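4 protein chains.
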Amino acid sequence: MKKLNIFLLLSLITVNLFPQQKTAESTELYSPVPPVVTPGESSKPPSDAIILFDGTSFDQWVNDNGNAVEWIMREGCMTIKPGSGNIKTKRWFGDCQLHIEWRCPTPSVKKEADTNTEQGFGNSGILLQSRYELQIFDSYNYPDYHNGKPIYVNGQAGSVYKQVIPLVNACKKQGEWQIYDIIYMAPRFSDNGRISIPARITVLHNGVLIINNSEILGSMNYIGLPEYRPHGLKEPLSLQEHGDPVSYRNIWIREL
Amino acid sequence: MKKLNIFLLLSLITVNLFPQQKTAESTELYSPVPPVVTPGESSKPPSDAIILFDGTSFDQWVNDNGNAVEWIMREGCMTIKPGSGNIKTKRWFGDCQLHIEWRCPTPSVKKEADTNTEQGFGNSGILLQSRYELQIFDSYNYPDYHNGKPIYVNGQAGSVYKQVIPLVNACKKQGEWQIYDIIYMAPRFSDNGRISIPARITVLHNGVLIINNSEILGSMNYIGLPEYRPHGLKEPLSLQEHGDPVSYRNIWIREL
Amino acid sequence: MKKLNIFLLLSLITVNLFPQQKTAESTELYSPVPPVVTPGESSKPPSDAIILFDGTSFDQWVNDNGNAVEWIMREGCMTIKPGSGNIKTKRWFGDCQLHIEWRCPTPSVKKEADTNTEQGFGNSGILLQSRYELQIFDSYNYPDYHNGKPIYVNGQAGSVYKQVIPLVNACKKQGEWQIYDIIYMAPRFSDNGRISIPARITVLHNGVLIINNSEILGSMNYIGLPEYRPHGLKEPLSLQEHGDPVSYRNIWIREL
Amino acid sequence: MKKLNIFLLLSLITVNLFPQQKTAESTELYSPVPPVVTPGESSKPPSDAIILFDGTSFDQWVNDNGNAVEWIMREGCMTIKPGSGNIKTKRWFGDCQLHIEWRCPTPSVKKEADTNTEQGFGNSGILLQSRYELQIFDSYNYPDYHNGKPIYVNGQAGSVYKQVIPLVNACKKQGEWQIYDIIYMAPRFSDNGRISIPARITVLHNGVLIINNSEILGSMNYIGLPEYRPHGLKEPLSLQEHGDPVSYRNIWIREL
Chain A
2 MKKLNIFLLL SLITVNLFPQ QKTAESTELY SPVPPVVTPG ESSKPPSDAI
52 ILFDGTSFDQ WVNDNGNAVE WIMREGCMTI KPGSGNIKTK RWFGDCQLHI
102 EWRCPTPSVK KEADTNTEQG FGNSGILLQS RYELQIFDSY NYPDYHNGKP
152 IYVNGQAGSV YKQVIPLVNA CKKQGEWQIY DIIYMAPRFS DNGRISIPAR
202 ITVLHNGVLI INNSEILGSM NYIGLPEYRP HGLKEPLSLQ EHGDPVSYRN
252 IWIREL
Chain B
2 MKKLNIFLLL SLITVNLFPQ QKTAESTELY SPVPPVVTPG ESSKPPSDAI
52 ILFDGTSFDQ WVNDNGNAVE WIMREGCMTI KPGSGNIKTK RWFGDCQLHI
102 EWRCPTPSVK KEADTNTEQG FGNSGILLQS RYELQIFDSY NYPDYHNGKP
152 IYVNGQAGSV YKQVIPLVNA CKKQGEWQIY DIIYMAPRFS DNGRISIPAR
202 ITVLHNGVLI INNSEILGSM NYIGLPEYRP HGLKEPLSLQ EHGDPVSYRN
252 IWIREL
Chain C
2 MKKLNIFLLL SLITVNLFPQ QKTAESTELY SPVPPVVTPG ESSKPPSDAI
52 ILFDGTSFDQ WVNDNGNAVE WIMREGCMTI KPGSGNIKTK RWFGDCQLHI
102 EWRCPTPSVK KEADTNTEQG FGNSGILLQS RYELQIFDSY NYPDYHNGKP
152 IYVNGQAGSV YKQVIPLVNA CKKQGEWQIY DIIYMAPRFS DNGRISIPAR
202 ITVLHNGVLI INNSEILGSM NYIGLPEYRP HGLKEPLSLQ EHGDPVSYRN
252 IWIREL
Chain D
2 MKKLNIFLLL SLITVNLFPQ QKTAESTELY SPVPPVVTPG ESSKPPSDAI
52 ILFDGTSFDQ WVNDNGNAVE WIMREGCMTI KPGSGNIKTK RWFGDCQLHI
102 EWRCPTPSVK KEADTNTEQG FGNSGILLQS RYELQIFDSY NYPDYHNGKP
152 IYVNGQAGSV YKQVIPLVNA CKKQGEWQIY DIIYMAPRFS DNGRISIPAR
202 ITVLHNGVLI INNSEILGSM NYIGLPEYRP HGLKEPLSLQ EHGDPVSYRN
252 IWIREL
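Sequence lines, in order, name chains A, B, C and D. Numbering (our numbering) for the first sequence: 2 to 257. Numbering (our numbering) for the second sequence: 2 to 257. Numbering (our numbering) for the third sequence: 2 to 257. Numbering (our numbering) for the fourth sequence: 2 to 257.
Check before you lean on any hint, since a few could be wrong.
Intra- or inter-copy, both count: the list cannot distinguish identical chains.
[What the hints assert, rightly or not] Under the rule of at most 20 Å between Cα atoms (straight-line distance), these lysine to aspartate or glutamate pairs were calculated in the EDC-like manner:
1. K23 with E228
2. K235 with E177
3. K91 with E42
4. K23 with D49
5. K82 with E26
6. K91 with D192
Everything labelled a hint here was simulated from the structure, so no lab data went into it. In this text, all values refer to a predicted model and were calculated from it rather than measured experimentally.
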């Protein structure tokens, strides 16, 4: 009878056991444990970010020739010195989250730099891996602002230059600080040099989604279609000098 | 000789003309013109957002039965009343950018609601299209916080519940306000009800990328694998009541 | 002692039980059951395919004006009658697997139709949803064939015309039958008419992968960049008449 | 008057010139030139394929321990010798197009190998990068065939084992040769070992699309959820020995 009880007990256990074949625990994972990151307040860098510019130093940057940066640093930001050329980071990056703040010059400042051309409107750009350009431009209230002379929509602020038109125009006025929060996935090339996985980009402009996981078609070309040419997984981040005294501050990056 | 001149001139023009075949203008687009959106300051809604909760009214919400919301509204936020059930929006949404702020209860508040179980740790969730859950949980300093009893990593804050482990843990302490900025692409189903384009999600948690364009595998299941069941392009947004007095504020959404 | 045995047994079971929380059954699914399809032999249509052309009838087709097809049907294939215009299916399609066989005219046949221009080289095209063109062209042994006058690579056989360069050139000689096996995912548009999920295409040309899940950039434009204009989820499939007597046979499609 | 003519001519040219700013040539590309590949007839390898098995030699293969393959080669195919273990290629592969033909044993052959269990139904598998399994199984006329004892749908032929349910069941009878045409994109990992771009797979089974660019969730696990563990861009291709005398022939691969 004791023996019987054991079998009864066992059968009971079995009965309970089978409905548990799909238990809640079956779909629980315990690794990999996400590393703890302390977020920053008000767009300040989280604890795992590489700080590329905090307003006090050009330590992370060189100009395109590898020499010292000639841009101007004052009041916690860097401002383009027209004619001084692009700058780029010493470190190289691939997939990343990039936070960057920028400001277009006000008209009075612009007049000092250059005068009445379209090119005076705060033209600069973020060159991801030194070749894929997220456009910086004074596109506030476009197209009315430019006296009826609009820029092409794949050239306005927030475009992947000459490739992707932003979903909306979330620009602030000249003289106000603006934010790009960028998620960038670098392209992958095959052994034979052809593109195998195109780059992708997502951009929040002042908190508003303007590019939604768009495919990048190739390197920025001013003339001609964009084209991919093979490069390494990591490349420097560049900022474009285009003759206008655009300012930057609070630049940080997280490698993905 | 005049005739000759004409031909000379023509050939000259031709010479100039051919290098211009690929002009800068060739890659410029003038439509569609991105609509102008005024961004909000400090996570406040941009001008084209639908405000789902601004701290003053439950107008946009009903409970799961379609009746009046029983959650508590005070001091500019809504707090879950344990036992009162999920709530959902009256409007239905598909692809969207969603901003939502949430706060886990502090220990003292938790004691009032329930006591010593894991389930007291600020458990709630954002149910995209009422079925794909982005987890809300008190995962601050996980795994140390819970006295050595960790939650599974695909169940901590910022996970797509039981599907996607967040890249990092960017949680703030209980009692502090936290932000999710979500980009959500709804799934598409074929005529026969099978999934044809799975849903995708990107999440910034307190400004830190924690989910990077991940594929959603199906509806949230507590027990069993996630599975897709066909539904419309737009569905309500739901917030989960899971027994804990989690609070929400500043909820806005932009249709993509 | 018996009692002790029971507890021993129980503890043993428990020990065995917990490692079984993740059982093999936990990750087994029993629905949805994939429908049974009888595959076709040698590129013939599987049982669930819609047969668009089997060599005996134009029943599934009209010309672009909705009138009767003027192309020539003989010997189990259809051949373009130059000047007669494009043709399109009566049924409309979205996401699909499309099998289509095509043949470029041999030089002697070409001479009848037109003479010595590039346009005589078997130019036609498959217009997915009547607007996204997978190019048909005589690109055999390109670039040598055309007496040193090559076609642009995003215009050769297997290109998404003026958008995507094929990975390789898997063309057969003029006069030989060639096969495209196409997987096409239709674009999705947002309520405001902007593209939200671009179309994607994969192509096997004579069994060789020539386009690998590439994004389509918009409607085919001969002049100007491709652009998306909103349309329905389903549209007719068109075949392009471009002056050359290209032939088609064994066309079938499976809705995805 | 001649002079006038010249200016008339010039103005005419100018008028024609400006509308030509976007010329047909603007969107033509001349590089990269796709390499010429001679396609194979009737599923035979194209000229750029690496032939992994042509029926005459195990030269490209070793068993899992790196020793000589013990599977049986006769009549132009290789047949699994139960108990002899998996085999793998000496060469390593990443992104690829893979063609492979397989045959489930007929019942009489099965009886020799093993008898009446589910596991006798032609169980084997293609282990992409030795860890992501495309299932081989006798799923003909599933679910009726197995006397009402169906296999789980994410375990039938054409499934990504325990991950992706095939869209349709395109199986042929036991004893008949079947074809998988596979497009596989290898996963990419970040520096910290987390998955950054999941693997993707497309499969044509006997010419019918059964997996449409699906994301692979991780390594095949018989028990437990699939999980990604970092590995190199290239890994061997393996064929699984699972106790059944499944046969293979005509295996070729193209690196993408």
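Worksheet item: Of the numbered hints stated previously, which ones are contradicted by the structure, given in increasing order?
Response: 2, 3, 4, 5
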